[in-house]
Amino acid sequence: MNNYLIAIPVLVLVFMLQGCQSHQDPFHFGYSKQLQKEWAHMPNTSCGGKHQSPIHIDSKIVIPEPIPALEMIGFHNMFLHPLNLSNNGHSVQLRLPPTDGGSIKIFGALLDAHYRMELLHFHWGDTNCRGSEHVINHVRFPLEMHIVFYKQHFTSIQEASKHKSGLAVLAFIFQIREKDNRALNPLVKEFSQLTEEGSSVLMKSSFTLSSILTRNMEVFYTYRGSLTTPPCTEAVTWIVFPDPLPVSYNQMRMFRSMKSHESKLVDNFRHLQEIGHRKVFVRQGPSNSSFHHNRVEDHLRTKFWE
20 MNNYLIAIPV LVLVFMLQGC QSHQDPFHFG YSKQLQKEWA HMPNTSCGGK HQSPIHIDSK
80 IVIPEPIPAL EMIGFHNMFL HPLNLSNNGH SVQLRLPPTD GGSIKIFGAL LDAHYRMELL
140 HFHWGDTNCR GSEHVINHVR FPLEMHIVFY KQHFTSIQEA SKHKSGLAVL AFIFQIREKD
200 NRALNPLVKE FSQLTEEGSS VLMKSSFTLS SILTRNMEVF YTYRGSLTTP PCTEAVTWIV
260 FPDPLPVSYN QMRMFRSMKS HESKLVDNFR HLQEIGHRKV FVRQGPSNSS FHHNRVEDHL
320 RTKFWE
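According to this note's numbering, the sequence shown is numbered sequentially starting from 20.
If you're looking for bench data, these hints aren't it; they were derived computationally from the structure. Ideal Cβ positions, reconstructed from N, Cα and C, are used throughout, including at glycine. Heads up, some of the hints might be wrong.
Below, computed lysine-lysine pairings styled on DSS-like, alpha-carbon distance capped at 27 Å [unchecked claim]:
#1 K223 x K278
#2 K183 x K298
#3 K278 x K208
#4 K124 x K183
#5 K198 x K223
#6 K283 x K52
#7 K69 x K298
#8 K223 x K208
Taking CB as the label site, the calculated pair distances span [said to hold, decoys possible]:
#9 H133 x G68: 22 to 30 Å
#10 H157 x E215: 30 to 38 Å
#11 R201 x N63: 38 to 46 Å
#12 N200 x V158: 30 to 38 Å
#13 S282 x P85: 43 to 51 Å
#14 Y268 x K183: 34 to 42 Å
#15 P62 x D199: 42 to 50 Å
#16 I82 x P62: 30 to 38 Å
#17 K298 x H133: 18 to 26 Å
#18 G304 x N200: 19 to 27 Å
#19 N200 x N63: 36 to 44 Å
Use the sequences and the hints to build the structure in full.
Following this line, the structure appears as structure tokens:
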């Protein structure tokens with residue numbers, strides 16, 4: 020009996036660390052102003068912490084540094100197997116299997132290791148003047164995409180979440196354009212099957228992850244923060260790309276067609292969090308500096324994140 024009692028909290032912790040990765044979410048959190056205030060009081064979360072996300076990024080006060088480029092592995096590989104796309108009640112989420120050339124990974128920038136991709140999801144608003152989680156120079160965009168990674172030497176994202184720099188998230192903002200973003204169509208065309216919370220579909224369309232990313236990935240902001248949904252784990256190195264991707268009004272309408280419980284799944288973005296004493300760095304483009312990847316770890320210890 021004692022062994023059984025010990026196993027229960029362990030299992031609960033595992034499910035908590037999954038955050039919004041499943042529609043069977045133990046937190047049952049909401050995005051209204053009042054419900055978001057309650058996040059900080061939820062047990063076993065860090066939502067009331069001092070290193071939370073998202074934040075307002077002001078280009079006038081960020082710190083420019085000769086940061087190495089973000090290096091990507093597997094982003095150009097074609098996905099030949101069905102991809103799981105689901106409505107988990109908080110977002111639309113895509114889980115990608117390993118590509119034929121190996122898992123999708125990132126390294127470089129101010130990351131201190133290689134990180135393996137776990138999933139991709141979106142945040143959007145009920146109107147075109149809101150929806151993104153990060154705000155850049157006081158502008159909030161209608162849509163934001165997050166690609167979530169974890170340090171590859173950990174066995175799972177749950178294990179990586181226990182460590183300060185265990186996670187990394189790439190954030191991409193979208194701006195309304197007249198024409199459809201054709202790169203999004205393989206995803207958007209499946210949304211008609213995802214209107215109900217808990218629904219999912221196996222995508223059979225073949226595409227590459229790089230096809231939906233911004234062409235300008237030389238410029239980015241980076242800071243230390245948290246997951247933007249409970250448990251709001253403070254283990255994330257954020258890399259935010261300011262160059263907007265296109266999305267059409269019709270494509271946004273498809274995002275807004277989904278439901279959470281019995282209501283529309285819209286405005287699923289967290290309110291801005293205080294930056295506090297954290298530093299936000301900007302990579303302004305290729306640098307001729309002698310600062311290379313093999314010096315990142317030492318530089319991190321002595322300057323960047325202190």
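> So does I82 sit 30 to 38 Å from P62, Cβ to Cβ?
Replying inline: holds, 36 Å
> Has the given pair, K223 with K208, been kept, meaning a C-alpha gap of at most 27 Å?
Replying inline: holds, 11 Å
> Okay, H133 versus G68 on CB: inside 22 to 30 Å?
Replying inline: Hint holds: Cβ distance 27 Å, inside 22 to 30 Å.
> Is the straight-line distance between the alpha-carbon of K283 and that of K52 27 Å or less?
Replying inline: holds, 16 Å
> Does 36 to 44 Å hold as the CB distance between N200 and N63, or does it fail?
Replying inline: holds, 39 Å
> Do the alpha carbons of K278 and K208 lie within 27 Å of each other, as the hint requires?
Replying inline: Judged against 27 Å, a Cα distance of about 16 Å means the pair holds.
>> Against the range 42 to 50 Å, how does the distance between the Cβ atoms of P62 and D199 compare: consistent or not?
In response: holds, 44 Å
>> Range first: 30 to 38 Å. Now tell me if the beta carbons of H157 and E215 are that far apart.
In response: Given about 36 Å between the Cβ atoms, the range holds.
> Has the hinted range 30 to 38 Å been met by the Cβ atoms of N200 and V158?
Replying inline: Distance hint for N200, V158 is violated at roughly 19 Å.
>> Between the beta carbons of R201 and N63, is the distance compatible with 38 to 46 Å?
In response: holds, 43 Å
> Could one say that the CB atoms of K298 and H133 fall in the range 18 to 26 Å?
Replying inline: holds, 24 Å
>> Quick check: does the Cβ-Cβ distance between G304 and N200 fall within 19 to 27 Å?
In response: Distance hint for G304, N200 holds at roughly 24 Å.
Violated hint: 12 only; the structure is consistent with all others.
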